[in-house]
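J.: Whole structure, please, built from the sequences with the hints as guidance.
For the sequence shown, the positions run 0 to 65 when numbering that gives the first Met the number 0 is used.
Because the hints were derived from the structure by calculation, they are not lab data.
Hints are supplied without guarantee of correctness; some may be wrong.
What the hints assert, rightly or not - Per label pair, the in silico range of CB-to-CB distance:
| # | residue 1 | residue 2 | range |
| --- | --- | --- | --- |
| 1 | G5 | H45 | 16 to 24 Å |
| 2 | I15 | V37 | 17 to 25 Å |
| 3 | H13 | Q58 | 24 to 32 Å |
| 4 | S12 | R39 | 13 to 21 Å |
| 5 | H14 | F56 | 12 to 20 Å |
| 6 | G16 | V37 | 24 to 32 Å |
| 7 | D41 | H13 | 17 to 25 Å |
| 8 | G44 | S12 | 17 to 25 Å |
| 9 | P35 | R11 | 15 to 23 Å |
Positions of the beta carbon are idealized from the N, C-alpha and C atoms, including for glycine.
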Amino acid sequence: MRAHVGDQLIVRSHHIGEPDRHGEVLEAHGPDSTQPFVVRWDDSGHTTLFFPGTDCFVQHLAHCDG
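T.: Below, the structure is given as structure tokens:
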């Protein structure tokens with residue numbers, strides 16, 4: 000999985016009625032923008048080092064070079 004700074008990670012809920020979890024990628028520590036990622040989670044505002052699983056996908060956002 001590749002993600003760039005500013006992309007959104009979305010983790011699908013495992014339980015009916017619970018929302019998916021969304022977070023903004025702040026850093027990518029692996030080679031070629033791969034995991035692990037530093038993510039700031041929208042629901043809590045906490046920043047964590049995150050290793051995504053199969054329940055996660057990247058929403059690539061348009062990046063502007065200035």
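J.: Take the hints in turn and mark each one as holding or not.
T.: We went through each hint and held it up to the structure:
no., hint, in the structure
1, G5 x H45: 16 to 24 Å, "holds, 18 Å"
2, I15 x V37: 17 to 25 Å, "violated, 30 Å"
3, H13 x Q58: 24 to 32 Å, "violated, 19 Å"
4, S12 x R39: 13 to 21 Å, "holds, 19 Å"
5, H14 x F56: 12 to 20 Å, "holds, 18 Å"
6, G16 x V37: 24 to 32 Å, "holds, 29 Å"
7, D41 x H13: 17 to 25 Å, "holds, 18 Å"
8, G44 x S12: 17 to 25 Å, "holds, 19 Å"
9, P35 x R11: 15 to 23 Å, "holds, 19 Å"
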